[in-house]
Amino acid sequence: MDLVTLWFWLIALTFTLYFFLEGFDFGVDILRPLLARTEAEERALTGTIGPFWDGNEVWVIAAAGLMFSTFPTWYGALFSGMYPVFVIILLALLLRGVSFEYRNQVDQQRWRDFWDWMSFLGSVVPSFLWGVVMAKLIEGLAVNGSARVEGGFLDLFTPFSFIGGLATLLLFMLHGANFLLLRLHKDTRLYARARAAALLWGALATVAILAFVVMGYVTERLFASFGVLPWLFPLAAAVTLASIWFSLSRRLDTLAFTMSGLTIVFSTVTVFIALFTRGVVLPSTLDPANSLTLTESASQPYTLVLMTWVGGIFLPLIIGYQIWNYYVFRERIRPDEGGLDRGY
Amino acid sequence: MDMDVVGLSRFQFASTSIFHFFFVSLTVGLAFLIAVMETIAYLRQDRRAVYENMTNFFGHLFLINFAVGVVTGIVQEFQFGMNWSEYSRFVGNIFGVPLALEVLMAFFLESTFIGLWWFGKDRLRPWMRLGSIWLVAIGTQISAFWIVLANGWMHHPVGYEVVNGQALLTSFTAVVFNYKAWLYFAHVQGSAWTVAGFFVLAISAYHLLRGRDVEVYSRSLRIALVFAAVGTVFSATSGHREAQVARYDQPMKFAAMEAQWETSASPAPWSLVANIDQENRRNTFSIEIPYLGSLLAYNSLTGRYEGMNQLNEEYRARYGPGDYVPPVAWVYWSFRIMVGIGSLLLLAAFTGLFLWWRKRAALNETRWYLRALLLLLPLPWIANFTGWMVTEMGRQPFMVYGLLTVREGVSANTAGEVLAGLVGLWVVYLALIGLDIYLLTVTARAGVHAKPEAQILAAPAPSYAAEGPAGFQGYDRRE
Chain Z
1 MDLVTLWFWL
11 IALTFTLYFF
21 LEGFDFGVDI
31 LRPLLARTEA
41 EERALTGTIG
51 PFWDGNEVWV
61 IAAAGLMFST
71 FPTWYGALFS
81 GMYPVFVIIL
91 LALLLRGVSF
101 EYRNQVDQQR
111 WRDFWDWMSF
121 LGSVVPSFLW
131 GVVMAKLIEG
141 LAVNGSARVE
151 GGFLDLFTPF
161 SFIGGLATLL
171 LFMLHGANFL
181 LLRLHKDTRL
191 YARARAAALL
201 WGALATVAIL
211 AFVVMGYVTE
221 RLFASFGVLP
231 WLFPLAAAVT
241 LASIWFSLSR
251 RLDTLAFTMS
261 GLTIVFSTVT
271 VFIALFTRGV
281 VLPSTLDPAN
291 SLTLTESASQ
301 PYTLVLMTWV
311 GGIFLPLIIG
321 YQIWNYYVFR
331 ERIRPDEGGL
341 DRGY
Chain D
1 MDMDVVGLSR
11 FQFASTSIFH
21 FFFVSLTVGL
31 AFLIAVMETI
41 AYLRQDRRAV
51 YENMTNFFGH
61 LFLINFAVGV
71 VTGIVQEFQF
81 GMNWSEYSRF
91 VGNIFGVPLA
101 LEVLMAFFLE
111 STFIGLWWFG
121 KDRLRPWMRL
131 GSIWLVAIGT
141 QISAFWIVLA
151 NGWMHHPVGY
161 EVVNGQALLT
171 SFTAVVFNYK
181 AWLYFAHVQG
191 SAWTVAGFFV
201 LAISAYHLLR
211 GRDVEVYSRS
221 LRIALVFAAV
231 GTVFSATSGH
241 REAQVARYDQ
251 PMKFAAMEAQ
261 WETSASPAPW
271 SLVANIDQEN
281 RRNTFSIEIP
291 YLGSLLAYNS
301 LTGRYEGMNQ
311 LNEEYRARYG
321 PGDYVPPVAW
331 VYWSFRIMVG
341 IGSLLLLAAF
351 TGLFLWWRKR
361 AALNETRWYL
371 RALLLLLPLP
381 WIANFTGWMV
391 TEMGRQPFMV
401 YGLLTVREGV
411 SANTAGEVLA
421 GLVGLWVVYL
431 ALIGLDIYLL
441 TVTARAGVHA
451 KPEAQILAAP
461 APSYAAEGPA
471 GFQGYDRRE
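Taken in sequence, the protein lines are chains Z and D. Take the first sequence: its letter number 197 is residue 197 in this note's numbering, and every next letter is one higher. Take the second sequence: its letter number 120 is residue 120 in this note's numbering, and every next letter is one higher.
With the rest of the complex left out, here is chain Z (with noise of 0.2 Å):
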């Protein structure tokens, strides 16, 4: 393997591991309100990814910085030509990050609500719109001739965006569930609440996956360049999903969580897959011909080399690390015992 599709593998991975991590907090955040009824009972849903959700989302600065060493033309290409879409994501993360440290700062329901608010808005907003990028992503955009992206914030809301936003957002929030199973106690009404959502979001997800992967082969014919082997993802993504109702129904939290992640990690891979086996970054909508390949948005391979290095350094350091994070924190949480010395 050259290190050119090294580096494209890599740019998967820190993306997938993005959607896997930053999912389920999303998701948890997103599912509070439909969950709590008390305010220690929000206090312990937010204690289930408080010591996590900052390490979970430096895997998207991640993606972006390696990116911008690995491949600079696409890194350009990408977040300049959907503009209004990553400055929406940015505005949610902002608020939704500050809202962790600020909501319990004033003692006042309406800055409690305040907060909770954005909290929600900030995970559905980026649920929904990464799903966006994601599908654009396959589908290409108005890519010219010089690299640049033409076309205004409308058409990049085509329906198989919108699918993908949709699948995006409810598979985020059948993982966020999933994830509240291994962390809530299971003697707690908030557990057997967070599991009767995970059996409705996981129908939904499943539904929208479904239409998604639908739409990719019928309308869009994304797929077309899929070899054998490929085909195996998006069916796998498939059947993840569909294990996840027999896990819950068995009282298998851990399979159930395992399995959501599973299909958020084949349905991330199925994207890259649709782009490598064209042998593109980004597809173009105008001209095949202007379509980013793979190659030529490159970096110079003594930037991948460096790179290379650097990745393989630090890569296993950091998921070492994380892994230790997620060890130190594994107790299941309990809203009445909710003290704040605690750290929630």
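Hints in this document: simulated from the structure, not taken from any laboratory. Where hints are given, some of them may not hold.
Going by beta-carbon spacing under 8 Å, a handful of chain D positions derived as facing chain Z [said to hold, decoys possible]:
id: 1; residue: 88
id: 2; residue: 411
id: 3; residue: 413
id: 4; residue: 435
C-beta: ideal position from N, C-alpha, C; glycine also.
For this one, chain Z is given, so just place chain D on it according to the hints.
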């Protein structure tokens, strides 16, 4: 500045960077200060309670500020691609590497270990918590290093060759050991220590003036004083050297800092105030101090430097037709404000050291000094802002010095898109900066023991050692 896409994108980038640095300069400095406090708490068994109170108190302030630094950092990372896609393509091979290194070496470290440090109070051994805050502190310094290295490269590109409209990396070592970047790093580092030092000084002074928790705040005052002294000396010396270096590697910036239109006499005077007429390329009025110009530029009583009119001709010959004079008044006045504030802060820090040296208790009891510290609080931020104005305005119209102008680097966005995004970002930035200042003020005023409602309900809340754990009993808000 005409408000086309270039103007708007520049304004957007400047806004994000300035807002971002407002928060991070405090984060970078305070992280180190808190790590030192926590180390003393760990080592000094006899005074552990005092230092734990101190760490928790300032840690709480640190956390309020940290969050905003993190989220504005995401904008920072995305906006190169969003607003400056042509720039990104041009420099990505080189510029992307320090940026990626910043994420991999620093952002993950900070974001993961800040949670372990704060939430891990009852889960980690004391040495692990201490290690966590040190990793956060080191992470912030690494982060500052790589981003300033990237910025330094834009001012003084090294280790590259331009092939087919892209800057290619020829030597990463040259990029890492870029003298310009190291000078900038020293300066940024010094100013971050100054910001944090005066932040802790002012809060400690506020409580000392009211005679509260003297055993905590007299100690935090002393720790911060050392930081402030080191920080101001560092900023002043590195800043002095930076200006001297700019005289030969960015002569236009240097001339703009001094509003020197025509090549100076030798010995060169130094302009204290001037009325700048950019259109007619002259100063209508200027008060000058003889010899000081040469002294600052060369550490000598002789020596001349080139004026902007002469330099503009040289630049034209080298880079093609165009106007290479930056907005002089901005650069000139920002530089004077920065230097003025820096000198004042240096003086303040050493006055404090002098009081301390003369009589140990004098520091807590010299009320005029404590009051002065309160007044000085906003100054380090103003100096930071003006400092960035000098260095970034001074390189206009270049984005990468001598290689790429801002006009060449901008994305193919429409002005409407950029304006809409800019409005949205400004609304959020203003809200965040207002909230940050408000929450910091409320929390700082409340002090260690008096826990106002704001702190009682603060989550993640510190358990103040002196009071024991504050158990929160869940209540039903619908009752």
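Hint-by-hint comparison with the structure:
no., hint, in the structure
1, 88, "4 Å, holds"
2, 411, "4 Å, holds"
3, 413, "5 Å, holds"
4, 435, "6 Å, holds"
Of the numbered hints given earlier, the model fails none.
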